[in-house]
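Chemist: Now for the letters of each chain:
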Amino acid sequence: MDFAFAPGASGYDIIMRKMFTNRASTTLINKRGINSVKDFFNHLASAGVVATPLTDILIGTHGNESGWMNVQLDPAFDAHTTYEAMESAINAPTRTCQLADAIINPRPVDSNNNPIDPHVFIRGCRIGVMNPFIEKFKEVINGLSTTDIGVCAPLFYHEVYNVRQGVFESFNYDFHIFSKTAVADKAALVALFDGLNAVDTYGTAITTAQWNGWIKTNITRDADPLVLVNLAATPVTNLLTLRSGFYRHRFQTIISSIRVDPAVGALPTDPAGIATFLKQQLNNLAANPGTNPFGLQLQSTHPFPLFTRYEYASIDEMVDGLTWTVNTQSRVFVGKRHEYYVCPPVTANNANNELIYNFYATQGGGATSKKNFADDAADYFNAV
Amino acid sequence: MADQDTLSIIAEEIGSAFTPLKDMVQTPEAFRSTMKELGWDATAAIQPVTDLVNLVDPIITLLETGDINFGNITQLLGLIKNLVTGIEGLVSKPDALFSGLASTATEFKNDFPSEIGQYVLVEYFLNQRPKVGSLLQLLGIITITSKDAGGTRPAYYRKEIHFDKIGTLFSNPLKLLQDLYGWATPGLDRELLFKNLTDIFDGFSIPFNLTEIKSQFLQVLNNGLPAGTFDKDALTLVLIDEKTSNVGAAAGINFYLLPQNGSLLPGIAIIPYANAEITEEVNITDNLTFKFDTGLDLNNGVALIIRPGKAPELISNLTGGGTSGGANAKVSLLLEYKKADGKPIIVFGDPAASHYEFLSASIAAAANITTAGSKDVKLEFDLKGSKIVIKPAPNDTDGFLSKILPANGITLAFELAFGFGLQSGFYFKGSSGLEIDLPAHLQLGPIDIETAKLGVKPAGGNIPINIALDIKGTLGPIEAVVQGMGLSGTFSFPADRKGNLGPVDFTIGFLFPTGVGLSIDAGIVKGGGFLSIDRDKGEYAGALELSIQDTIQVSAIAIINTKMPDGSNGFSLLIIISVQFEPGISLGMGFFLSGLGGMLGINRTINVNALRDGVKNDAIEQIMFPEDIIANINTLLPQIKAIFPVKENQFMIGLMAKITWGVPTLVTIEFGIAIEFTSPVRLAILGVLKIVLPTEDAAILQLQVNFLGIIDFDNGYLSFDASIYNSHILTFTLEGDMALRLNWGNEKAFLLSVGGFHPSFTPPAALNVPKMKRLTLTILSPNPNLVLTAYFAVTSNTVQFGARIDFKFEVAGFSVVGYLGFDVLFQFSPFKFIANITAGLEVKMGSSTLFSINLDFELSGPTPWNANGTASFHILFISIKVHFNVTWGDAQQDTLPSIAVLPKILEAFTIDANWSAELPANRYNVVTIAGIVPQPGQIVLQSFGAVKVSQLIMPLGLVINRFGNNAPSDINMADVSAFRLGGAVTPLSNETESFAPSAFKNMSDDDKLKSPSYTKEKGGVKVADTATLFVDYALDRDVVYEVKVSDFDPFPNPPAFDIDFSWFKLMMRGGAIGKNELSVQNRQKSFKLANAAVNMDEEQFVLIDNATLTQHNVNVFAGGTHAQANDAFDTILKQNPALKGKISIASAYQL
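These protein sequence lines are chains A and B, in that order.
All residue numbers for the first sequence refer to this note's numbering, where the first residue is 1 and numbers rise by one.
All residue numbers for the second sequence refer to this note's numbering, where the first residue is 1 and numbers rise by one.
Note that these hints are calculated values from the structure, not bench results.
C-beta atoms are modelled at their ideal positions from N, C-alpha and C, and glycine is treated no differently.
Some hints could be false.
Derived list of chain A stretches under chain B, where covered just means 3 residues or more per stretch with a C-beta under 8 Å from a C-beta of chain B [what the hints assert, rightly or not]:
(1) 32 to 39
(2) 158 to 166
(3) 237 to 248
(4) 292 to 302
Each computed DSS-like pair below joins lysine-lysine, with the alpha-carbon atoms no more than 27 Å apart [as the list claims (entries may be wrong)]:
(5) B:1140 x A:18
(6) A:18 x B:641
(7) B:195 x A:31
(8) A:370 x B:339
(9) B:472 x B:457
(10) B:159 x B:175
(11) B:453 x B:291
(12) B:748 x B:1016
(13) B:563 x A:180
(14) B:1044 x A:180
(15) A:31 x A:180
(16) B:339 x A:138
(17) A:336 x B:343
(18) A:18 x B:147
(19) A:279 x B:339
(20) A:336 x B:243
(21) B:291 x A:336
(22) A:180 x B:147
(23) B:343 x A:180
(24) B:291 x A:216
(25) B:195 x A:18
(26) B:457 x A:216
Can you build the whole structure from these sequences, using the hints too?
Modeler: Structure, rendered in structure tokens:
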């Protein structure tokens, strides 16, 4: 029996709960007062909850590649599951969020009577992209059990599509451009994406024609859904296509506030002056962070530095990659960037425009479940 | 915020909206899939539906390739209309074309056209405009509901857009919440509410998460509930994320759903947070600022609690167990968006041409919950510096706009703020409702558009949006003003979703002006007129004022109502006309007739209380001979409507005159006589007396007395009120009020007062005496200040008078305050008075008293004289206080002259006028027998009638101590023990009359002040209605029949049509039966409860035990009038003296 947990409040979370409910041999834990990973694990450890051997654990939550899962790990540390929250869980006087032996063992066996390795399968957008993050998660949950518990998380955007007959699960690519200034128009943006020399999951290069098809004339406007895809061997009668993928533009705040002490004196207001100033300030802070969490995250020696989370190689690159504004009254700098995402669905390696999907049929809905990829399929998940 | 052309934006939106339709018909598979989503199983393409692509394609092509402008917008609209017509036309396609469906063609044709329209709109809003779409979903205007498989249709999610709920959103937003989320029910749907909220946050790219809140918070919020029965997490809106701040600044708002707790229904707690690093203003981005303002400590937890049916509550210090409310329980949070460089934000349009812009936009949430009573929670949107600019583009020199507009175009600047409050509902800021004035001040040639009023008034599921203009125009000597003229666009939502805009029906109409004014200044003739039109209320008011050669001035005001106050159709008219002459018509002896006027009211009455107010505030002068009507119309019309309100079947007619004396005029009297009828019949005399000496410009004496007399014949009362207004002698201002009341109806009473009453005296409520101003003479003002006040009053029990002088002088922080006053209660026979005298003098430095001397005592007399009081003296830190109670003079034994009462009362029973024949209650004399004239000593009694005898000499069955100013010498009680009619003793009932208690009982002065002027006591008897009457002789009357032969068919054929009963009832009112007295009384009983909703019985008095404050021995005295209670009190004490001090008289209401 698998045990699943998807405690969020958004539409995605609600569909995830439905998906887990429909999933074969799966018990969804959806109880009042069980809100965090810690609550979930503690509940599993309660007497009588895991009556039959637990095979795997599934967690459904929003996430992203910057080392962030929306679900709360332990309310004592952070509102989300972050690298720092996981460090706190490990370093706390009393470690938390570990899976106990009593939950994991005894192991169920396969048809050959071999024990099945336990996993925590995470469903959420691109959580598997940042290896340090899922490695740290594995470190958190392992410890009390004598059995190694693996962690698998998606490499792609995780998309769910809800119909009355069940839930489709599929993936979207993540092609993106981060720019400190707004891209002028569609042509310029297509050129930038072309410059990525992106390939699909089968190694085939994305063509200019494809970029042109996905990117609309108004590049500041989202397009969701993006394209029409076919459902090969559809599990739902007469449902032969889905609309999937998305295009998105955000002028995203990356650094919400860097407040500078008045003792520093007058603040620069021109872009070049701000960049020079902030590089100096942030590098100084990284060099002498004391106990300042922000300063510690800026250190290049940090296992998962802040700038890495936003795909920069260094503090200087991050400063140069953002548009900075300063409020000289409150002495606060804010760093933002333009983010352009083109996220078409992951389709089969053929010319039929066929969506790669799993389908979790609702009981009595007239359809049957269909599993086209495994929970640890290497093409779509990072497993540690 | 792109600087796009408006039409391009509209075109792009339309193109986006049709994308799902285009996608749908892209491939046969896509078609079948979309049909599946819509709940239709299609095995093949349905030709009539796929053919719609032929109507969609031209739209998409035009939008993608064409430049939308005024030239081709008509073409675009035409194409859209074709598409809508095409979808609607599916219903007329042959059934055979729908063979690819599992469902029948009829079912499909009936349902699909409306479903596809809604599907397209929902897809558009949720996917293309998620900000708007998520908001509509939160409000329940967009819904996605799960439909089970049924009939030939598969299970599906139905996407609907309920435009008809938009009206409810404004009129009753909480109902929407109740329907959608189960608000105000035990089953509040947390999952749906949070899901829709997160969709909004997502739409606006605001981070959110579910966060477990502190255990101390949970303890306070779930007071007493066991763990596991409530959620631990809240939906958190993250405004500032501490993770990406070098100082760990964090701010946001938690939304926590409160579970049911006992009788408290589930609710919501809104918990703002901001850590110590957050100052009161934080720049979230360069354009976005977060501000908060509170006297509470957010670090320790502050929660705004909103539960259905309960006033909002603000709890602070959640970590410390929670503190509810407080004088400073206020939290406000504000997010403001504005450009850092201060430049306006162009919402749409071209900055150099027509566009809409604003300087800043903000959303503010504020809870102001104080012990002083404020309980409001508001969410407010504010667009500051809004401007609508209409002007041609720089290169557009031949366009329509460039020809009709001034070179710089037209700029309409306004502040737009609207919000929603738990107490106030939806509102525009600065307006009582959804209506806002936009100052325009546009000059278009001779036309000046002064203001524009934008109003949204949802009603009956419709949403009318009105734009009304106030326009002023000048043409030579004529100036015209038109108010409230404009356009009204109404959105309605037909049930069949077949409006002229798809599911919405939009009509536009002319908004009739609410007022039209005209003024003329043509030398000889000057003046103007104004017409006010309120079509909703059915009220039309007009005013006219003309001055001809400065000699004759004509004023007229008319109000017509076509709707009654209850909303029914009807008619009411009021006209007030006056003409003034200069010079007046000589009447001799220096008097001149300087004005004449009249008033007529049809279905109008006189509101006496409003008229009395008019005496005090000088409104009556404005009504009789108004001046400068047009300028004062806004105050004059409400006053007139209040004084002469609409009342069905009531009429009024009046005459007015203005008489002056002297040249120049020294004395002016304006007076009017008005009579109103039919019920009540009242006569009103109103007037204004003015005396000015020596001239109006340099008046040494200026005296104005406004007065009003009312004689109400039906209710039997006379009242006279007067007020001194705007008067002075030299520099001394003079003011004061006078009132006279004489009731001879059911509640007999008399009262006369000049300047008010003794402080201990409260005039009986039935006399309706307004609060009266003392006669006041202000000799010095403001510093030094010397004021004299005085009053004099006579009631049926007392004579009262008093005076007071107050003095105050301030200089250099020092002040001297002095006063001297007295109040006297007077009794003539035997002569006696009680005077309360008070005097004092204080010297103060700031608020500290340096020296004071006060005297407060009561003097009564004459003989013995008694002075009882207190004298006090204070200087710096020394205070001396002396009490004294001194009596001097010989005690005087007052003996009232005696009088024999019995002969008087016996005589009273022989007076014919005290005998009467009556009809019993609920019986009506339907036959009048003519020709019987009773002789002296006789009364004519109907065979089913009743006999009554009653007198006013003395109350019966009551012990009397006095008889007026005499002592009874023979009896102290009289009563009627039996009544013989025709020799037989007949059962009796008591008849009450009004008697002044002080005329029959010895009363203390205090009791005289407290007791009513008259009380209802037994004055006679009546033969009981049910009694069988025996009389000495009877009159027989022969019944003579008048025979009339009618050639009408007594049994006519039934009418060719049935008259609806409601019509019959309406017509019946005007017929003979409807006008019959019985019918009139029946109607009054049935429909006029509002006029007599509460009947007050005569106040009852009982005896109570002082120790327990419960009624004393109900068997001895069950209750009665004050006088009867007095009797019982005396009797009980005589029988049992030990009860003295242990029982007393109290009002039965106090039990």
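Chemist: State for each hint whether it applies.
Modeler: Status of each hint after checking the structure:
1. 32 to 39: Since three or more residues must qualify, the claim that chain B covers the stretch 32 to 39 of chain A holds, with 4 doing so at under 8 Å.
2. 158 to 166: holds (count 4)
3. 237 to 248: holds (count 7)
4. 292 to 302: holds (count 4)
5. B:1140 x A:18: Roughly 85 Å between the alpha carbons, so the hint for residue 1140 of chain B and residue 18 of chain A is violated.
6. A:18 x B:641: violated, 66 Å
7. B:195 x A:31: Holds - the C-alpha atoms of residue 31 of chain A and residue 195 of chain B are around 17 Å apart, at most 27 Å.
8. A:370 x B:339: violated, 52 Å
9. B:472 x B:457: Status holds; Cα separation ~26 Å.
10. B:159 x B:175: This hinted pair holds, its Cα atoms lying about 21 Å apart.
11. B:453 x B:291: violated, 31 Å
12. B:748 x B:1016: OK: residue 748 of chain B and residue 1016 of chain B at ~9 Å, within 27 Å.
13. B:563 x A:180: violated, 67 Å
14. B:1044 x A:180: Judged against 27 Å, a Cα distance of about 108 Å means the pair is violated.
15. A:31 x A:180: It is violated: about 44 Å lies between the C-alpha atoms, which goes past 27 Å.
16. B:339 x A:138: violated, 46 Å
17. A:336 x B:343: It holds: about 21 Å lies between the C-alpha atoms, which stays within 27 Å.
18. A:18 x B:147: With Cα atoms ~16 Å apart, residue 18 of chain A and residue 147 of chain B stay inside 27 Å; holds.
19. A:279 x B:339: Roughly 26 Å between the alpha carbons, so the hint for residue 279 of chain A and residue 339 of chain B holds.
20. A:336 x B:243: holds, 15 Å
21. B:291 x A:336: Holds - the C-alpha atoms of residue 336 of chain A and residue 291 of chain B are around 21 Å apart, at most 27 Å.
22. A:180 x B:147: violated, 47 Å
23. B:343 x A:180: The given pair, whose Cα atoms are some 22 Å apart, holds under the 27 Å limit.
24. B:291 x A:216: violated, 37 Å
25. B:195 x A:18: Answer holds: residue 195 of chain B to residue 18 of chain A is near 14 Å, not above 27 Å.
26. B:457 x A:216: Violated. Residue 457 of chain B to residue 216 of chain A sits at ~40 Å, over the 27 Å cutoff.
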